[in-house]
Amino acid sequence: MNIGTVPSSTGSWKSGDVVSDQFPVGLRVLVVDDDPTCLRILEKMLRNCHYEVTKCNRAEIALSLLRENKNGFDIVISDVHMPDMDGFKLLEHIGLEMDLPVIMMSADDSKDVVMKGVTHGAYDYLIKPVRIEALKNIWQHVVRKKKHEWKDNNFDQSGSVEEGDRQQKPSEDADYSSSANEGNWKNSKKRKEEEEDAEDRDDQSTLKKPRVVWSVELHQQFVQAVHQLGIDKAVPKKILELMNVSGLTRENVASHLQKYRLYLRRLSGVSQHQNGLNNSFMGRPDPTFGTISSLNGLDLQAIAAAGQIPAQSLATLQAAALGRSATKSAIAMPLVDQRNLFSFENSKLIFPEGQQLNNSNKQIDLLHGIPTTMEPKQLANLHQPSQTFVGMNMQVNSTTQHNNSLLRRMSQSQPRAQMLNGANNGSQVSRLPLSMQQSLSSEGIPGAVLAQSGIVDNARGSVYNPVSQGSSMVDFSVNQSKELQSYNFSLGSNSSGMSSLTNRGMLQQEVNSDIKGSRGFPSNYDIFNELHQPKSQNWGLQNVGSTYDASHHPSIQGTQGVSSQLLLQRGISSTHNSGQNRNAPIGKPMYSNGEETGHSNPMGGQQLNSVGGNMLAVKAERFPDADYQNTIFPEQFGQDDLMSAFLKQQGSVGPVETEFGFDGYTLDNLPV
Amino acid sequence: MENQKQHQAAYMRRSLLDQGYLDEQFIHLEELQDDANPNFVEEVVKLFYTDSARFIRNIELALENGPCDFARLDNLMYQFKGSSSSIGATRVKRQCSQFQEYCNAKNIEGCKNTFQGVKQEYATLKTKLEAYFQVSLSLIRYIGNYSKD
Chain L
913 MNIGTVPSST
923 GSWKSGDVVS
933 DQFPVGLRVL
943 VVDDDPTCLR
953 ILEKMLRNCH
963 YEVTKCNRAE
973 IALSLLRENK
983 NGFDIVISDV
993 HMPDMDGFKL
1003 LEHIGLEMDL
1013 PVIMMSADDS
1023 KDVVMKGVTH
1033 GAYDYLIKPV
1043 RIEALKNIWQ
1053 HVVRKKKHEW
1063 KDNNFDQSGS
1073 VEEGDRQQKP
1083 SEDADYSSSA
1093 NEGNWKNSKK
1103 RKEEEEDAED
1113 RDDQSTLKKP
1123 RVVWSVELHQ
1133 QFVQAVHQLG
1143 IDKAVPKKIL
1153 ELMNVSGLTR
1163 ENVASHLQKY
1173 RLYLRRLSGV
1183 SQHQNGLNNS
1193 FMGRPDPTFG
1203 TISSLNGLDL
1213 QAIAAAGQIP
1223 AQSLATLQAA
1233 ALGRSATKSA
1243 IAMPLVDQRN
1253 LFSFENSKLI
1263 FPEGQQLNNS
1273 NKQIDLLHGI
1283 PTTMEPKQLA
1293 NLHQPSQTFV
1303 GMNMQVNSTT
1313 QHNNSLLRRM
1323 SQSQPRAQML
1333 NGANNGSQVS
1343 RLPLSMQQSL
1353 SSEGIPGAVL
1363 AQSGIVDNAR
1373 GSVYNPVSQG
1383 SSMVDFSVNQ
1393 SKELQSYNFS
1403 LGSNSSGMSS
1413 LTNRGMLQQE
1423 VNSDIKGSRG
1433 FPSNYDIFNE
1443 LHQPKSQNWG
1453 LQNVGSTYDA
1463 SHHPSIQGTQ
1473 GVSSQLLLQR
1483 GISSTHNSGQ
1493 NRNAPIGKPM
1503 YSNGEETGHS
1513 NPMGGQQLNS
1523 VGGNMLAVKA
1533 ERFPDADYQN
1543 TIFPEQFGQD
1553 DLMSAFLKQQ
1563 GSVGPVETEF
1573 GFDGYTLDNL
1583 PV
Chain Y
27 MENQKQHQAA
37 YMRRSLLDQG
47 YLDEQFIHLE
57 ELQDDANPNF
67 VEEVVKLFYT
77 DSARFIRNIE
87 LALENGPCDF
97 ARLDNLMYQF
107 KGSSSSIGAT
117 RVKRQCSQFQ
127 EYCNAKNIEG
137 CKNTFQGVKQ
147 EYATLKTKLE
157 AYFQVSLSLI
167 RYIGNYSKD
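Line by line, the protein sequences are chains L and Y. Taken in order, the first sequence gives residues 913 to 1584; the numbers are from the working numbering. Taken in order, the second sequence gives residues 27 to 175; the numbers are from the working numbering.
Here chain Y stands alone, though its shape is the one from the complex:
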């Protein structure tokens, strides 16, 4: 059972990396995890979700309301990008960079389109991570006899 879960977790992780959803940074986070902080990665990812929701909301508002403040948009996206890179969300990060380029070019349409891409990648990542955690955390729980809350 344990082996199976381990293999599954490993497989999922590998797949996420290969498909570019996550990068080495995510692995580093997992390495930081220890017995004292068995849910560390999940905790961090949850923080990321909270941050992201906030950023996405703000950017959405900024895009909708009146004349576009590209500087502000760029700034928001810069922060979002930083947050994404801290957990290794490569694809999301790439979309953020794209968005920033459109900001620099003051291309509102480009921004809006790219923003859709950002949201999409974010949603996909979230789904995949949740599936991943299902396996890896249960594995941890299983191994460490921890109860996950």
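Looking at chain L on its own, in the form it has when it is part of the complex:
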């Protein structure tokens, strides 16, 4: 298939598979380094490689150059230590806004710094002094990126794929860059963005593959199919068959599956961040706040973010949620913006994050294996997806060691989960459980978790439903609430605690930090840590979030961060919303937990929508919120994610949101 005309220089090639004969000659490189000596040497080396070199010694200048010439460069090489802006920050910006491959350089070759480069999405890391040999091959990153994106976009027909998304891509990109989410997705987004950019640019391409937009429903279907098959046996072909979605290709499913797996892995694997993240994330330990309403707001936002809930509904939901607390509304608003980001990004984000999750399998198993503590009716409340999730949660308890603790909690908090489920799209539920588990050691929010995952649909518009339904949950939550509260509180209060939860697998570590509210998740914190240990348990969300978010969530204020994290995974936008919601309302510990968890879960799994909601559900008080939040996230992650997120969060229900970090896209990315 022909790419179509390659604009301008021979060296630049846009879409996909066609590479100019002269490639990599003329590759347009932007090199950024504050050291004039190094800069001159690099320039010379790159010229010797026959690249088109532009050098600049200030990150700000580099950014403006890139912004002015959106398609003017193929790759960026930047130093890590620069006076005006940290190289990693620049890396993030570029990833978000331009989606170009970025190579980092530094004389510092310590593992931490190199790892930072990796987590921030650098395509390569060169140790100074740089040799020309190292530069000769940088073109491979450009090719790889394009191929990757092209592949992702590979979509035969419109079918279920949302064509609109693709077309929206360009605008989305714009939105994206402006939104706070930028930071987190980076990697995933970068790829997606680039993909889309490539697509957009390459209109003449004979084979223009619209990008598949993994909507909440689609993702839920996907998750269901995966669960049905069993994570180990879930092969793209079979998943495709089960999903029975027209227009979806095996490749779409395959790449989505890969991301999902990573996400799950990340959820389970990310434990290190949790503590830090959760705390920041949870930030708002406001016990009093624990009203669900707050969650609702957040959830709504999260959901909205997920793109699932139209603004109006969101507003409505928020209003409802707000009934409880006025603050929510405030929060809800901002999240809405995120929505865009999330919906689009979610798919993108989640997956990248997912990659990190290596425990996806585990998580899924866990979910399945979870003894259903949740009452049947509760489960019934949940949508299908949520049910899956619930089941998952159940399993989690039983199957995983790590998760066991979580599960136990989860199971205990079944009712909560229910609520969450209802509230959240299910995805959220998943989140909740994790967070719930974490926070509620005894709570056993499995239900919540389940709820989250399953609720995906519920979350959407009926964030509040779960709440009502969750009467059982409520009761539970009541009981639990105090536990949760404590948890939440710890989570929320520490915000960081939350973050830790979320971080675990969730999103954004940063989110946690943002959660400024510092919910005081001390307890959660631990829980998360414990939870994370299992790694597998990490709903991926957490991990994802944590790693991701850490850097990105500056914007997330407190609990929000958590959600944002989750969202990030989803598509950052949702996190943002949820995150936001969280923060504001999260004041209540419970809330935060729920939210956080919810978020994290949802994030991972399904749209974040539910995340917000789910979380709330878990918390009884929070339910509405939690669910809401959860729902937002769940979309992306699907139930599994939620579960993991939840499980992770078990410690802190509240923080769950942060945990959401499903994708690890910390909420930080949320536009600040």
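Treat the hints as calculated values from the structure; they're not laboratory data. Please note: incorrect hints may appear among the correct ones.
What the hints assert, rightly or not - Sample of chain Y residues lacking proximity to chain L, with all beta carbon distances greater than 12 Å (derived): (1) LEU43; (2) GLY46; (3) PHE96; (4) ARG117; (5) LYS132; (6) GLY143; (7) GLN160; (8) VAL161.
Said to hold, decoys possible - Derived lysine-lysine pairs resembling DSS-like cross-links, with alpha carbons at most 27 Å apart: (9) Y:LYS72 to L:LYS1048; (10) L:LYS1023 to L:LYS1048; (11) Y:LYS145 to Y:LYS72; (12) L:LYS967 to L:LYS982; (13) Y:LYS72 to L:LYS967; (14) L:LYS967 to L:LYS1001; (15) L:LYS1023 to Y:LYS132; (16) L:LYS1048 to L:LYS1001; (17) L:LYS1063 to L:LYS982.
Unchecked claim - Pairwise CB distance ranges, derived in the manner of DEER restraints: (18) L:SER1022 to Y:LYS132: 14 to 22 Å; (19) Y:LYS132 to L:LYS1145: 53 to 61 Å; (20) Y:THR150 to L:GLN934: 40 to 48 Å; (21) L:GLN1052 to Y:ALA62: 21 to 29 Å; (22) L:LYS1023 to Y:SER123: 17 to 25 Å; (23) L:LYS1023 to Y:ALA97: 16 to 24 Å; (24) L:MET1027 to Y:ARG98: 22 to 30 Å; (25) L:ASP996 to Y:GLU156: 30 to 38 Å; (26) L:ASP1024 to Y:LYS132: 17 to 25 Å; (27) L:GLN1140 to Y:ARG98: 54 to 62 Å; (28) L:LYS1023 to Y:ALA36: 39 to 47 Å; (29) L:ASN981 to Y:TYR37: 46 to 54 Å.
Ideal placement from N, C-alpha and C gives every residue a C-beta, glycine not left out.
Given chain L's structure and the hints, the job is docking chain Y onto it.
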């Protein structure tokens, strides 16, 4: 004449490498030099001199004035070290590392002493490079009929 200069240049280069004043990085820079950029190495070294002067000045000020900000000193030295390594100034780089160690240990005396060593190595290198360029550049000029400015 040309041969003689070539031999001389080669000898000087070898000696600088053997004595550890410069390392392979410098050779790589020379390899980058081509007809289009015959003065490339000299140009880069000049940039290095400018950078170094700035670093040395800043570090000196930081050491003199009041309480020592070790973090700042470390940061400055880190940059200087990076610059040095980019042209292959091994000895200078080693002194920089030493200085950073003293910074970490918050040993102000150690820092000051080492800083003297940094300045010394830098001065020595500068002298040797200038002598080297005298020969190699004149060689280039001779060969390429370029006029050096």
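Now for the hints, and whether the structure bears them out:
1. LEU43: holds (15 Å)
2. GLY46: Fine: 16 Å to the nearest Cβ keeps Y:GLY46 off the interface.
3. PHE96: Given a closest Cβ separation of 17 Å, the condition holds.
4. ARG117: The claim stands: Y:ARG117 keeps its Cβ more than 12 Å from every Cβ of chain L (closest is about 15 Å).
5. LYS132: Its Cβ never comes within 12 Å of chain L, the nearest being 20 Å, so this holds.
6. GLY143: Given that every Cβ of chain L is farther than 12 Å from that of Y:GLY143, nearest at about 20 Å, it holds.
7. GLN160: holds (21 Å)
8. VAL161: Holds, since 22 Å exceeds 12 Å.
9. Y:LYS72 to L:LYS1048: holds (26 Å)
10. L:LYS1023 to L:LYS1048: holds (24 Å)
11. Y:LYS145 to Y:LYS72: holds (17 Å)
12. L:LYS967 to L:LYS982: holds (16 Å)
13. Y:LYS72 to L:LYS967: holds (18 Å)
14. L:LYS967 to L:LYS1001: holds (18 Å)
15. L:LYS1023 to Y:LYS132: Status holds; Cα separation ~24 Å.
16. L:LYS1048 to L:LYS1001: At roughly 25 Å apart (the allowed maximum being 27 Å), L:LYS1001 and L:LYS1048 satisfy the hint.
17. L:LYS1063 to L:LYS982: holds (22 Å)
18. L:SER1022 to Y:LYS132: 14 to 22 Å: holds (20 Å)
19. Y:LYS132 to L:LYS1145: 53 to 61 Å: holds (59 Å)
20. Y:THR150 to L:GLN934: 40 to 48 Å: holds (46 Å)
21. L:GLN1052 to Y:ALA62: 21 to 29 Å: For L:GLN1052 and Y:ALA62 the Cβ distance comes to about 27 Å; the hint holds.
22. L:LYS1023 to Y:SER123: 17 to 25 Å: Since L:LYS1023 and Y:SER123 have Cβ atoms about 18 Å apart, the given range 17 to 25 Å holds.
23. L:LYS1023 to Y:ALA97: 16 to 24 Å: holds (21 Å)
24. L:MET1027 to Y:ARG98: 22 to 30 Å: holds (26 Å)
25. L:ASP996 to Y:GLU156: 30 to 38 Å: holds (33 Å)
26. L:ASP1024 to Y:LYS132: 17 to 25 Å: holds (22 Å)
27. L:GLN1140 to Y:ARG98: 54 to 62 Å: Check passed, 60 Å falls within 54 to 62 Å.
28. L:LYS1023 to Y:ALA36: 39 to 47 Å: holds (40 Å)
29. L:ASN981 to Y:TYR37: 46 to 54 Å: The hinted range 46 to 54 Å holds for L:ASN981 and Y:TYR37, with Cβ atoms some 48 Å apart.
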